[in-house]
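A.B. asks: The task is simple: from the sequences and hints, build the whole structure.
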Amino acid sequence: MSARGYDWSNHLKGLGFRLLEIRREDRFQRIVAERDGEASLIIAPNSTDFDEKASLLDAVASASDSQFSRVALMVPKQVAALVETSILESHGIGLMTWDPRRGVCEVLGPRTRERRNRPLGEAAMQELVDRISRLEATVMQLLIERSKRPADPRTSLVMGNVPMGEFDAPASDAPDFLKDNPWISILSDRRTGS
Amino acid sequence: MYEHLFEIYRRIDAETRSVKAVTVIPQPLAVAIAHKIPTCIVLESGHGNTQVCPISKYPIRNAIVAINRGGSDANTLTAEILKDAGYGDLAGEEAIVRKVKEGIGLVPLNLERAVRAAKGEPQKYVARFKMPGTRITIDLGEESWTRFLIGEYVFNPNHELYRSYFRRGMQRPSEVRIGDTRFQGMLDFGDAIVHAVERCPVELQPHLYRTVLLSGGNFAWTVPAEFRTISVDAATKVRILLHDKGIEDVNVTLAKSPQYSVWRGCIVYGYAIPADYEWSWEGMEGWAYLH
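Chains as they are written, first to last, in the numbering used here: chain A, 1 to 194; chain U, 195 to 485.
Rather than coming from a laboratory, the hints here were simulated on the basis of the structure. In this text the structure is predicted, and so the values were computed from the model without any measurement. Every residue, glycine too, gets a C-beta built ideally from N, C-alpha and C. Be a bit skeptical, because a hint or two may be false.
[Stated by the list, open to error] One-sided and incomplete, this derived list gives chain A residues near chain U with beta-carbon spacing under 10 Å:
1. 7
2. 13
3. 172
4. 173
5. 178
6. 182
7. 183
8. 191
C.D. replies: This is how it looks when you write it as C-alpha cells:
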C-alpha cells in the first residue's frame, strides 16, 4: 500500500475539503486543499516503511515548517498508532489516516496557526514566480483546447452561467433523438413557479 | 410513490454522496419526448395496466384515464382458451401461456366477421403453435377462431363472446382505486382516448386526436401476410375504434424502439431541463436537490 498515485480527491471531498493542488515529491505528497475558506496543507509520506520512523519525522518536520495556517499529517491507518498525537496537538498539526477501502478519516483537526510574517527568501520568491508561470501556461492551454471543442450546453447548464432558454443546438454527432427535438426548447423554458 | 423514490435516492446519496439531484418523469411524457411530439395522446399499455395520457408540453394530469387491463388479462383469456381446447395441463404455466398468446393471438379488423370466417374455414385459420426448443405443440383445431378473441380482448373486452368466459369464472378486469387514481376495467381503448381528450380544453382536442402514440409491449401484435384482410396491427385497431366513435383524421403510430423510447425521453429531459428548475409538488416537475 503506497500513497503514491492514490486518488485523494473524492475522499477529501467527503470531509468537506476542496482539492486545490497535489505536488508529488520523492518522499511525500503535498496536498493543498480548502475548507471553510481556509487553505490547508496535508503532508502524506509516500513510504509506508515506518520502522525507522525516518519518513514520518521527515513529514512532521516538513509540516511544521510550512507557511500554511493549517497543516495536517496523513498516514496509513495501520501506522497511526505510531504517531504521538499529543506532540502533533501541541504544535497545532492535525492528523489524518487513510485506508484503501475506507478512505480518509480525520483523527485530529489542525489548529489555525498564526502566519509567520517573515520575508520570503529569494528561493521561495523564485518558486512562486515559477508556479505562477506554470499556472498561466496551463490556463492558456485549457483556453486553446476549449476553443477547439464544440459547445456543450450541458456544461453551461451545470455551471448555471448561461441565461435560461439560450441553448446551443446539440452537437452534430449527438444521437438522433436529441437532434431537432422541439422538446429541448420547451423544457429549457421551464421555470420555478411557472 | 414519489416520496418513496426520492427517499431511495436520498439514502444512496447519504452513503455515496453521488446523487446531486433527482427528478421523476411520467412514462408517457418520456415517450412523447423521445418521439419529438409536444402535443399528443400517449396510450401506454404494459403487463398489468394501461393509461391514456394527453400531453401538451406538459402531461395533462387531470385528464389521464387509467385502465386496469393489460397484457396479463390477455394471458388469462389465453389460459381459458387452452383449457377449452384440452391443454389444461399447460394453462397453469404462465410462460407457456404468454408464448401461446404471442404465437397465435390475432387482433381482428372486425371480431364478428373474423370469427365467422374462421368458423367457416377452420383449416385456413388454424391456430397451431410449437414451443421453441420443446416437443410441445398446441393445435386449437376447431377452436382456432378463438385466436381472434385474444387480440380483441386487449382493445375491447365488451363483446358478448366473452360473457361465457366470465360466467365460467374467468376474472373480469375490474375497477380499482390506487391512491387518487381510479383504474377502470372494461373501458375499450377508443372510449378511453375519447374520455381523456374530452377532459382537455376544447381548442386543444383536435390537436390531441391528430397524434396518438401507442407505447408498451401490449401493442406488439403482428399480422401474418395471409391474414392481412382480416387481422390488423395495434395502430389500425385503435384507429378503427376511434372511427367507430366518430373520430376521423387520427394519426395513430406505434412507438419506435419501444424498449428504448422511455430511456431516450429521460435523457432529453435531463439534458434540457434547467438546473435551477427546482422540484415542485404542485407541478410535479423539476430537480429535487439532495446535496
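A.B. asks: If a hint holds in the structure, say so; if it does not, say that too.
C.D. replies: Results for each hint:
Look at residue 7 of chain A: its Cβ only gets to about 15 Å from chain U, farther than 10 Å, so that hint breaks. Annotation: interface hint on residue 13 of chain A holds; nearest CB of chain U at approximately 7 Å, less than 10 Å. Taken as an interface hint, residue 172 of chain A does not check out: its beta carbon lies about 16 Å from the nearest beta carbon of chain U, beyond 10 Å. This hint is violated: residue 173 of chain A has a C-beta 15 Å from the nearest C-beta of chain U, more than the 10 Å allowed.
With its C-beta approaching chain U no nearer than about 6 Å, residue 178 of chain A sits inside the 10 Å limit, and its interface hint holds. Of the supplied interface hints, the one on residue 182 of chain A holds, with its beta-carbon coming within about 5 Å of a beta-carbon of chain U, less than 10 Å. With a cut of 10 Å, the hint placing residue 183 of chain A at the interface with chain U holds, because the nearest CB-to-CB distance is about 5 Å. Given the 10 Å rule on beta carbons, the hint for residue 191 of chain A holds: about 7 Å separates it from the nearest Cβ of chain U.
Checked against the numbered hints listed earlier, the structure breaks hints 1, 3 and 4; every other hint is satisfied.
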